[in-house]
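A.B. asks: Chain residues, written in single-letter form:
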Amino acid sequence: MQTQAQKEPDREAAEKIQKLRELFADAPELGKTALENVLKELSSQVSEPPPPIESAGRVGARLGNRSELTIIVPLAPGGAARLRTFLQLLGGNLSPGATKVGTLHDMRFVFFDNDTRMLFATSFDGDWDTYIDDFIALIPDYLDIIDSAWEGWPGIRDPGAKDYLIKHQITAEGWFVANPELTLAQIQRQARVGKILDKFLDEISE
Amino acid sequence: MQAQTQTATEPEINPVVEQKIQRLRELYADAPEVGKAALEKGLANIRAELSEITASGKESAGRAGARQGKVSELTAILNITKDGAKRLRGLLELTEGNFKAADIVGTLHDMRFVFLDNDTRLLFATAYDGEWDAYIDDFVTKIPTSMDLFFCNLEGWPGIHAPSIKDWLVENQITADAWYVANPNLTVAEAKRLQKIAPALEEFLDKVG
Numbered sequence: 001m002q003t004q005a006q007k008e009p010d011r012e013a014a015e016k017i018q019k020l021r022e023l024f025a026d027a028p029e030l031g032k033t034a035l036e037n038v039l040k041e042l043s044s045q046v047s048e049p050p051p052p053i054e055s056a057g058r059v060g061a062r063l064g065n066r067s068e069l070t071i072i073v074p075l076a077p078g079g080a081a082r083l084r085t086f087l088q089l090l091g092g093n094l095s096p097g098a099t100k101v102g103t104l105h106d107m108r109f110v111f112f113d114n115d116t117r118m119l120f121a122t123s124f125d126g127d128w129d130t131y132i133d134d135f136i137a138l139i140p141d142y143l144d145i146i147d148s149a150w151e152g153w154p155g156i157r158d159p160g161a162k163d164y165l166i167k168h169q170i171t172a173e174g175w176f177v178a179n180p181e182l183t184l185a186q187i188q189r190q191a192r193v194g195k196i197l198d199k200f201l202d203e204i205s206e
Numbered sequence: 207m208q209a210q211t212q213t214a215t216e217p218e219i220n221p222v223v224e225q226k227i228q229r230l231r232e233l234y235a236d237a238p239e240v241g242k243a244a245l246e247k248g249l250a251n252i253r254a255e256l257s258e259i260t261a262s263g264k265e266s267a268g269r270a271g272a273r274q275g276k277v278s279e280l281t282a283i284l285n286i287t288k289d290g291a292k293r294l295r296g297l298l299e300l301t302e303g304n305f306k307a308a309d310i311v312g313t314l315h316d317m318r319f320v321f322l323d324n325d326t327r328l329l330f331a332t333a334y335d336g337e338w339d340a341y342i343d344d345f346v347t348k349i350p351t352s353m354d355l356f357f358c359n360l361e362g363w364p365g366i367h368a369p370s371i372k373d374w375l376v377e378n379q380i381t382a383d384a385w386y387v388a389n390p391n392l393t394v395a396e397a398k399r400l401q402k403i404a405p406a407l408e409e410f411l412d413k414v415g
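Line order of the protein sequences matches chains L and B.
Counting from 1, position 123 in the first sequence corresponds to residue 123 in my numbering; the numbering is continuous, with no gaps.
Counting from 1, position 125 in the second sequence corresponds to residue 331 in my numbering; the numbering is continuous, with no gaps.
The reader is advised that the hints may include incorrect statements.
[Stated by the list, open to error] Once the Cα atoms are required to be at most 20 Å apart in a straight line, the calculated EDC-like pairs of lysine to aspartate or glutamate come out as:
(1) B:K398 x L:D26
(2) B:K398 x B:D344
(3) B:K292 x L:E22
(4) L:K199 x B:E224
(5) L:K195 x B:E409
(6) B:K402 x L:E29
(7) L:K16 x B:D289
(8) L:K195 x B:D289
(9) B:K288 x L:D26
(10) L:K195 x B:E408
(11) L:K40 x B:E409
(12) L:K32 x B:D289
(13) L:K199 x B:D309
(14) B:K242 x B:E265
(15) B:K348 x L:D127
If you are wondering where the hints come from, they were derived from the structure by calculation, not from laboratory data.
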């Protein structure tokens, strides 16, 4: 069992590298050169696999404790103007609502394709359903103000709200986090401890 | 809720804010019902909180992108070349969607690759520390080969060492209209330092306490 598990990834890795070489055969020159340059590095990474990307639940990718949510929606007529004005009112800073969601690391709203579509992307702790439940329970009105600019948004209290989100979410194919094991709660506790230490060091050096 | 907004702690009326709220009400006049109702309910809270956040609004990360505190965002939606999606997916499959090499950059909080519109476009989105130019310089000097390997599959990629590389990136980047960071003053380096010292310090505090 052990030896078999050991052997299989190696063969799989070799096959993957072979496949990649074939795919890059007609890549631009600088891509081909780059591939040869990093293949050695890549192959060592493959035989020593990094922690795998897992699922955040019903949708989305997760690395360690950290998940990603990437939603792309068509905007309703007039939706872009409403949403922009709302975001401008807040100075592009959503902390009044967002800090209430204690698992939310970062969040962005990006208009594209001439204001006909919107990207909503966040980085959060743990499981998709729990996270969305937090949004629903803690900041339902913020969500409805924003999401009512989205084509077909049923309302956060509608039983179809989660299905709508899933329908428009696209799971990332690549996902990197610098400190994947650290939850927001842990980070904040550590930041507090760090402050205590700095204060202590200041005091004893006086 | 109603009573709360009428207490003495209500911030004084700011004419600029009131004007913006008025404009928002007009825009929401023909919004779907859920939006209109949410705006009225939400405005009570928003008005009270607006005065607090004016000091900590979204700033610029430099040539492109938004920044809050020390943390910036980079968002680019790029056209994929013919057959580029196959190569990109092949690369991501090989690394199992994981980028340990990205640690080398040192200022990168998180990064995602997302395929859009039937594999014709790629969303590349990151959260990073500090200023745009310094961040791109890090990519250029620390992981140039990985950059060429991935980005050669995107239309118009000039090559990481091309003099026009920064202009190309700026042209393809879309600045976020809103950007939120839970710990805007915590850099990757500081988070790593705290992760090292915090457990030992907590143990120490437990013992002396």
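A.B. asks: Give a verdict on every hint.
C.D. replies: Okay, the hints, checked on the actual structure:
This hinted pair does not check out: K398 (chain B) and D26 (chain L) have alpha carbons roughly 41 Å apart, beyond 20 Å. With a C-alpha separation of about 19 Å, the suggested pairing of K398 (chain B) with D344 (chain B) holds against the 20 Å cut-off. Restraint check: the Cα-Cα separation between K292 (chain B) and E22 (chain L) comes to about 11 Å, which is no more than 20 Å; the hinted pair holds. Taken as a hint, the K199 (chain L) and E224 (chain B) pair is broken in the structure, with Cα atoms around 42 Å apart against an allowance of 20 Å.
Between K195 (chain L) and E409 (chain B) the alpha-carbon distance is near 16 Å, which keeps this suggested pair within the 20 Å criterion. Proposed proximity of K402 (chain B) and E29 (chain L) is contradicted: the alpha carbons are some 43 Å apart, above 20 Å. The suggested pairing of K16 (chain L) with D289 (chain B) holds, with an alpha-carbon distance near 17 Å, which does not exceed 20 Å. A distance of roughly 51 Å separates the Cα atoms of K195 (chain L) and D289 (chain B); the hinted pair therefore is violated under the 20 Å criterion.
Taking the CA atoms of K288 (chain B) and D26 (chain L), the gap is about 10 Å. The hint holds against a cut of 20 Å. A C-alpha spacing of about 12 Å is found between K195 (chain L) and E408 (chain B), which places the hinted pair at or below 20 Å, so the restraint holds. A threshold of 20 Å between alpha carbons decides the hint, and for K40 (chain L) with E409 (chain B) the separation of about 42 Å lies outside it, so the pair is violated. Restraint check: the Cα-Cα separation between K32 (chain L) and D289 (chain B) comes to about 14 Å, which is no more than 20 Å; the hinted pair holds.
In summary, the hint linking K199 (chain L) to D309 (chain B) is not supported, as the alpha carbons are separated by about 30 Å, beyond the 20 Å threshold. Of the supplied pair hints, the one linking K242 (chain B) and E265 (chain B) is violated, its CA atoms being roughly 29 Å apart against a limit of 20 Å. Straight-line distance between C-alpha atoms of K348 (chain B) and D127 (chain L) comes to about 33 Å, which puts the hinted pair past the 20 Å bound.
Checked against the numbered hints above, the structure breaks hints 1, 4, 6, 8, 11, 13, 14 and 15 and satisfies the rest.
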